[in-house]
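Since the structure of chain A is already known, use the hints to place chain B with the ligand on it.
Residue numbers (the numbering used here), protein chains in the order written: chain A, 1 to 597; chain B, 598 to 671.
Just to be clear, a hint being listed does not mean it is correct.
[Stated by the list, open to error] Taking lysine-lysine and the DSSO-like style, the derived pairs with C-alpha atoms no more than 27 Å apart in a straight line are: (1) 563/A / 614/B; (2) 285/A / 614/B; (3) 7/A / 157/A.
The hints are simulated quantities; they were obtained by calculation from the structure and are not laboratory data.
Because the structure is a prediction, the values reported are computed rather than measured.
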Amino acid sequence: MSSIWGKILRINLSTGEIKSEKVPADLSNKFIGGRGLAGKMLMEEIPAGINALSEENKIFFATGPLTGTTAPTGNRYMVVTKSPLNNVIASSNAGGFWGAELKFAGYDMLIVEGKAPEPVYIAIKDDSVQIKPAAHLWGKTTSIATEILLQEFGDPKARVAVIGPAGEHLSPIASIINDFCRAAGRSGVGAVMGAKNLKAIVVRGTQNVQVADPVKFKEAVRAAIKKIRENGVTGQGLPAYGTAILVNIINEAGILPTKNFQTGVFAEAENISGETLAEKYLKRKDPCYRCPIACGRHCEIDGLEGAGPEYETIWAFGSACGISDLKAIIHANTACNDIGVDTISAGSTIAAAMELYQRGIITNAELEDGPALTWGNAEAIVEWVKRMGDKQGFGSLLAQGSARLTAAYGAPDLSMSVKKLELPAYDPRGLMGHGLQYATSNRGGCHVRGYLISPEILGLPEPLDRFSLEGKAQWVKTFQDLTAAIDSSGLCLFSSFALGAEDYAALLAAATGIPYTTETLLKCGERCYNVERLFNLQEGYTAADDTLPKRLLEDPMPEGPTKGHVHPLDKLLPQYYAVRGWENGVPTPAKLKALGL
Amino acid sequence: MQLTVKLFATLRHNRFKAKIKEFDQGITVEQAIKVLDIPEEEVSLIMVNGILVQKEYVLKDGDTLALFPPIGGG
Ligand code: SF4
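In isolation and in its complexed conformation, chain B is listed as follows:
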């Protein structure tokens, strides 16, 4: 299945900003992060299609997966 993966802030270093990539059908966010070779502890916030989810979330074809390190502000 195809996912749009977007990385932000420090997660972009030596990686990419946004990419459309092929993944195995029905994988979780946690598995996708492994496939992307991103150390799990670097990811603090996960959004799928603009909604905050946990790493157990099961992805679907066409989803946009956005990964963030710790973020704050105001």
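Excised from the complex, chain A in its bound form:
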């Protein structure tokens, strides 16, 4: 008995073939599951150099051994595929209920290959799996399509993962939305579904996930829940305010990227803060499956209810665009989910467009009849997000993401991205470790591959001087490896504010019967990280791509507590490669051997 079923559902949309196969046991031991296992399998199954939007690409929906168990936050699935945004390995994580439901249906993983000749959706009810026509859903927003699918499926307990118009139009920043509001947001995974003519996956499962050692597992779960409840962040901070609580503290540190990273101080931060959100619009908490933290928000504005914005979203449509109107930000968030675009990339792309407008590079002539792209124009964010779902026109150009947009106007340096993926809500000029993590993240500009904000701002697990370079390379490596292991386990990364490697190892060991220790767990994480790196190298990436936008390396922060700083990446990168056992960004044969790769 194990919490891993050992079963993969593989569907080829070109041939219509549906089959179930065994999870390769040796791989499962080495890569845990989820992000690690799917990454390794993707690397082995698709040839290098293929077009991410071609029939040859595959898309993996991978749960972890703890998904669907009683472990706290055991709700994650990971979408792994080749990214159409930047050709690197995409791994987009989502919570909610869909991942657990796939597990209840008896599968660890779903792999979709090929391309359907016409729009389709996949309906899974335990062993019964069907490919069904979706012409009537094509063009529909994610919320409307979800409603229709739930009706059609005829079981209110079913769960839906779906793309919106942006995914259908192959926008490289398109997301996949499950359970109405949870997103596998980043890296354009929604476009891979769109390219396969796959609108949605509906799943309903009725099987209980078993564990290898029920007594030990119960003990480990109880201990983990206790730690989560007693921890200040997971027991009080996140439940009370959600992630939006970060707005004020990040602004206080002078690293809240404002007006496309032109500064790190936003005078009106209070208006878009977690405190203001809670006071004015919060209706209730909206937790994912089995989550005692419940960071999710549910808001009400103008009589309409909807999922509340996360910190990253508030930033992307807020200070990044010079906007202090929280209502407009909530509307933009809803529009992003409906159209099916990533909120970070969408907001950050509008911010880049605003800077192009500020410099007179984009003029009114190009904006059709749409609102002006002036800083602080609340109408602009809502309207332009909606138009990102258009097939043509300026909205569809915005839906290409900031790297393509700014390149089209001959100003690529105005894209605040790494490897074309837009950077999240922390200016690395005041965060030496976090900046290094942005530069080296395998999927591009990303904060959840190693959240160095924890030690550099939040003092967790111990406070580090955010301007110091000392020891930062090692911290980044450890965080990246541990994160890869957590992402592979099926738990939410936020659990790590309270839990340590030993807790994850105990949960995994009791659930799977594989004797994980802190050491082997971190090794699995490191293995995952190295495989992802190998994938990218195969796609032609080099050390030159481990970089940051020019502005952050060369233009000192103009004001506030971070004033005068740039990010000294050239000093940190060699140290990072050394602790990783890489030569110039490439894992050495000795390192690969040590990892059993």
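Using the frame of chain A, we list chain B with the ligand on its own:
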């Protein structure tokens, strides 16, 4: 000496958001928290002028002292 004191999240309840206040010259953050009548265990993060400090930190005239309860996110 004068300090700008900013409180965040739950620390604001029945207190204030931001205030300029007079304090004795050369006091530490810990002493300032006492003067403000905030139970020490409620304060988890301390920033002075945007930099994380410990409670032993000695304050200067004109500093901005920001106090936070436990905070996380991503
Ligand atoms: S902490 Fe938040 S995102 Fe993570 S599982 Fe809980 S509710 Fe979902």
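Taking the hints in turn, this is what the structure says about them:
| no. | hint | result |
| --- | --- | --- |
| 1 | 563/A / 614/B | 25 Å, holds |
| 2 | 285/A / 614/B | 24 Å, holds |
| 3 | 7/A / 157/A | 22 Å, holds |
Of the numbered hints stated above, none is contradicted by the structure.
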